[in-house]
Amino acid sequence: MSKFLFTDNDWTFARIDAVTEEIATIAAEELQLDTYPNQLEIISAEQMLDAYASIGLPVYYAHWSFGKQRAIESGQYRRGEMGLAYELVINSNPCISYLMEENTMTMQTLVIAHAAYGHNAFFKNNVFFQQWTDAEGILDYLAFAQRYIAQCEERYGIDTVTDVLDAAHAISRNGVDRARRPRHLSAREEEHRREERERYLQQQLSEIWRTLPPHSAERPPEPTGFPPDPQENLLYFIEKNAPHLAGWKREILRIVRKIAQYLYPQGQTKIMNEGFACFVHYHILHSLHAKGLVTDGTLLEFYASHTAVTLQPDFDDPRYTGINPYALGFAMFQDIKRICLAPTEEDRDWFAFAGDPDWRKQILFAMREFRDESFVLQYLSPKVMRDLRLFALSNDPNVATYRVSAIHDDSGYQYLRQALALQIAESTRPPDIQVVSVDRWGDRHLRLREMGAQPLDQTEAQKTLSFVHDLWGYDVHLDMADNSLSEPSAS
Amino acid sequence: MSTIIDRRSSGTRSTANQDRLQRRVRARLRVAVEKMARSGSIEDLANADQPISIPTRDLHEPNFRRDLSDAPWERVLPGNKEYRRGDSISKPEGGGSGKGREGSPDGLGEDEVAIVLSADEFLDLLFDGLALPNLRKTAQGDIHAEQWRRAGFIKDGSPSRMHVGRTMRAARARRLALRAGKRRELQDLLDARGILQEEIQDRMARGQDVSVEQGRIDELDRQIAALERKIKAIPFIDEADLRFAHIDQQPHPITNAVMFCVMDVSGSMGEKEKDLAKRFFLLLYLFLRRHYQAVQIVFIKHHSTASECSEQAFFGAREGGGTLVSPAIVLTEEIMQQRFPPDRWNIYLAQVSDGDNYFADNAVVGEHLTSLLPQLRNLFYLEVNRDSESDLLQLYEAIAQNFPELITARASEREDIYPLFRALFATEEIPSHV
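Listed in order, the protein sequences are those of chains V and G.
First residue of the first sequence? That's 1 in UniProt numbering, and the numbers climb one at a time after it.
First residue of the second sequence? That's 1 in UniProt numbering, and the numbers climb one at a time after it.
These are computed hints drawn from the structure, not numbers from a lab.
Think of the CB as a built atom: it goes at the ideal place given N, C-alpha and C, for glycine as much as any other residue.
One or more hints might be untrue.
[Said to hold, decoys possible] Some chain V residues close to chain G (C-beta under 7 Å, calculated; not the full set):
#1 Met100
#2 Asn103
#3 Leu300
#4 Leu390
#5 Ala392
[As the list claims (entries may be wrong)] Straight line, CA to CA, 30 Å or less: simulated DSBU-like cross-link-like pairs of lysine-lysine:
#6 G:Lys230 - G:Lys35
#7 V:Lys124 - V:Lys463
#8 V:Lys270 - G:Lys35
#9 V:Lys337 - G:Lys81
#10 V:Lys270 - V:Lys383
#11 V:Lys361 - V:Lys337
#12 G:Lys81 - V:Lys383
#13 V:Lys3 - V:Lys383
#14 G:Lys230 - G:Lys155
[As the list claims (entries may be wrong)] So the derived list for chain G, only partly shown, Cβ under 7 Å to chain V, looks like this:
#15 Ser9
#16 Thr12
#17 Phe64
#18 Arg66
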């Protein structure tokens with residue numbers, strides 16, 4: 001008597017239900033995954049295009065840029081230049097996964113394992129998602145944002161609202177707190193505040209304190225500049241400090257900022273997130289097959305999709321478009337398991353955990369505690385570098401040739417690791433532009449400075465600056481390493 | 001732990017975004033639409049469902065980004081085959097390959113976005129800012145007919161208009177409402193009677209006296225009988241239940257229009273002239289469609305005689321002979337009287353000619369026009385492909401002095417038609433001739 005969950009490849013709700021149940025068992029027992037409850041939604045291709053247009057969010061306010069995105073993507077899709085993703089998953093509680101109706105049953109199985117268990121567990125446990133996003137509140141917040149912006153459009157006109165959104169979108173990547181966690185007033189903090197209040201009361205009660213001379217003269221002088229320290233979050237700074245900005249515009253900036261903040265960890269953990277989800281689906285599909293729940297045919301179809309997704313074309317391959325986060329992430333997670341189960345001498349030199357029989361603990365630790373940059377610095381092993389045949393190329397604009405600065409050999413491993421980590425950091429973070437001063441007693445001009453060393457695209461910067469000017473309402477200057485821009489421009 | 005939801009039926013939700021996108025590129029869409037109207041094929045105009053390409057630079061979203069084209073950089077690549085540390089690789093010709101991929105998060109390598117307009121959106125753009133000149137004048141006075149219309153239900157009316165369904169519904173509601181309380185009471189009595197009955201049997205079995213209980217049963221039976229009578233007395237149908245369908249006379253605006261297309265098909269009207277005419281007729285037709293629910297078209301061709309014909313015959317035919325305009329005007333008048341009484345129809349007449357007419361006929365034309373014009377919303381006269389104004393055009397212009405609904409124009413190139421059309425119908429002013 002066969003136990004196969006399905007033998008032909010059409011999906012039905014009953015089959016999806018049965019498969020999900022089996023996958024849940026494997027995820028919990030064999031991988032010890034801790035996940036949000038799942039909500040699987042079957043959608044059509046048109047709806048998938050909608051979801052694409054709004055960065056995968058299920059509810060979003062209306063803006064022309066989403067319409068543009070959709071027009072581009074549906075054009076490519078119709079012309080057959082682009083396939084649609086099999087799934088889309090949202091960091092929310094319950095965790096919403098969209099499954100395409102065109103998927104075969106095998107694909108649905110793969111997608112449920114990948115998204116509803118892999119990504120889901122990542123969202124719930126990775127420290128960056130925990131710190132920066134609020135999975136409980138996001139759906140409500142998005143619904144609020146949509147309502148609020150629709151009300152603003154009604155009251156102030158679509159074009160006025162669009163102008164504010166355009167400007168906010170231009171600096172949304174600079175509207176994220178990168179070095180500071182969003183504040184949760186923790187229980188300890190509350191306790192601390194209470195103690196302080198108590199101490200203050202105590203002081204008021206003790207007569208003896210009154211005899212002390214006032215020490216106000218010893219206080220350090222008030223900082224003269226404003227802001228006292230450079231501020232990295234442009235949107236936040238403008239929202240709080242722009243001299244003349246209507247309340248509703250400030251609220252819109254806040255909405256754009258909140259959503260940018262919510263999306264920030266996704267860019268920071270692309271390699272890990274996809275790598276971990278691939279690791280999970282790879283394990284689950286094999287486990288389903290080993291238990292005799294899926295056929296050999298299903299496993300073969302799975303291999304075809306899996307290898308297509310985790311393919312890393314060589315740099316000289318026409319298909320090459322950069323490092324494939326699926327490929328790198330999957331290779332690294334698989335490698336952590338290998339280092340635990342079958343370490344070589346080299347692995348023992350490189351990794352303290354080599355040979356740890358509890359590979360699940362190591363995998364889950366890696367999944368929880370890192371982001372792409374630190375994950376690569378910590379876990380990219382010589383074996384993965386050799387397998388991918390990584391090498392580093394450096395460019396000096398004044399020299400006619402590129403130079404190979406390191407390859408996958410003993411002298412190059414450390415160098416490659418650091419170079420790749422830096423490359424990831426730079427590509428996932430926008431240029432670091434900070435507010436350094438506001439001339440509060442003069443003409444109120446706002447001065448920004450680019451803190452990084454890499455040059456900015458000047459025309460882009462000028463256009464963006466003009467949006468900042470629209471919001472701030474007074475002159476804006478941007479100082480860079482080699483020159484500076486002003487808005488309105490000096491000419 | 002898992003919920004599965006079928007979302008496929010909830011449809012797409014991109015309308016709002018698309019609206020805003022079109023709003024943003026409206027100026028550009030308008031240019032594209034106008035270009036189609038000027039030089040595109042007539043088929044394109046009639047069924048506009050083609051995507052319009054908008055350059056993405058119009059929709060650019062700037063942000064602060066790095067530009068590494070002239071800066072030193074280092075990159076890790078996969079797939080090394082032969083390189084060793086320290087190797088030099090010559091840069092590709094033309095340089096500039098150092099542009100970071102991170103520099104273009106939304107640049108999908110596409111420089112155009114295709115926007116598909118629906119037929120309505122297309123026409124809205126095509127005729128944006130235009131209005132029918134005479135429509136404004138008579139916008140309030142457009143109501144010419146009264147019509148009997150359904151107007152709900154009333155409690156009084158002639159038996160022939162009684163609405164059975166509504167009446168029965170009202171009767172049922174009344175019966176239910178009146179009966180419910182009594183039924184409940186009846187049920188209580190029956191229950192009590194049942195209990196008593198059991199008690200009696202119980203007592204009889206034990207050989208006890210049942211006369212008191214019997215008395216109460218009789219009392220209950222009387223009450224039950226009374227209630228049942230009352231329930232029965234509730235009438236199946238009552239006068240208060242009657243409902244009648246009500247009809248009322250309501251003013252009914254005329255929403256239909258008819259467009260008479262009158263064209264000279266004499267030997268002098270060649271392919272080019274007809275193409276000009278067709279463009280003009282088509283634009284006018286599409287424009288009228290925006291204002292009226294339905295627009296009928298009557299084609300009349302004429303040389304020395306006039307006849308009604310099909311569209312193919314109208315644009316295909318090329319007949320010789322001399323030209324008389326008056327028969328066409330007379331025929332229009334006749335058809336109008338027979339099929340399109342002016343108090344029921346909004347009548348438009350569009351006439352295209354090269355202006356050749358027998359001199360003697362002009363007076364006749366003038367006479368007929370003066371009697372015809374008051375019944376028309378507008379008469380558009382387009383003269384094609386002539387270097388100077390014809391006598392006919394001069395006659396029309398003279399008449400237009402007294403009848404502002406007569407509008408004249410001249411055109412000689414296909415590109416002229418749409419601008420001319422815009423000029424004719426621009427809302428800023430109502431030109432009587434161009």
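Original post:
Close enough to count: is the Cβ of Met100 (chain V) nearer than 7 Å to one in chain G?
Top reply: Since the shortest Cβ distance to chain G is 10 Å, the answer is violated.
Original post:
Are Lys270 (chain V) and Lys35 (chain G) close enough, with their CA atoms no more than 30 Å apart?
Top reply: violated (46 Å)
Original post:
Is the shortest C-beta separation between Asn103 (chain V) and chain G less than 7 Å?
Top reply: Hint on Asn103 (chain V): violated, closest Cβ of chain G at ~13 Å, above 7 Å.
Subject >> Status of the hint placing Ala392 (chain V) at chain G (closest C-beta pair under 7 Å) >> reply: Because about 5 Å separates Ala392 (chain V) from the closest Cβ in chain G, which is inside the 7 Å limit, the hint holds.
**OP:** Verify the proposed pairing of Lys3 (chain V) with Lys383 (chain V), using a straight-line Cα cut of 30 Å.
**Re:** violated (39 Å)
Subject >> Hint status (Cβ of Thr12 (chain G) to nearest Cβ of chain V, threshold 7 Å) >> reply: Because about 5 Å separates Thr12 (chain G) from the closest Cβ in chain V, which is inside the 7 Å limit, the hint holds.
**OP:** Against chain V, run the beta carbon of Ser9 (chain G) and see if the smallest gap drops under 7 Å.
**Re:** With a minimum Cβ separation of about 9 Å from chain V (threshold 7 Å), the hint on Ser9 (chain G) is violated.
**OP:** With a cut-off of 7 Å on the beta carbons, see whether Arg66 (chain G) makes it to chain V.
**Re:** holds (5 Å)
Original post:
At a threshold of 7 Å, is the proposed contact between Leu300 (chain V) and chain G supported by beta-carbon distances?
Top reply: It is violated, given that the least Cβ distance between Leu300 (chain V) and chain G is near 26 Å, above 7 Å.
Original post:
Are the Cα atoms of Lys337 (chain V) and Lys81 (chain G) separated by 30 Å or less?
Top reply: Holds, because 28 Å separates the two Cα atoms, which is no more than 30 Å.
**OP:** Please verify that hint: Leu390 (chain V), Cβ, nearest Cβ of chain G, below 7 Å or not.
**Re:** holds (6 Å)
Subject >> Restraint check for Lys230 (chain G) with Lys35 (chain G), where alpha carbons must lie at most 30 Å apart >> reply: Answer violated: Lys230 (chain G) to Lys35 (chain G) is near 82 Å, above 30 Å.
Of the numbered hints stated above, those contradicted by the structure are hints 1, 2, 3, 6, 7, 8, 13 and 15, listed in ascending order.
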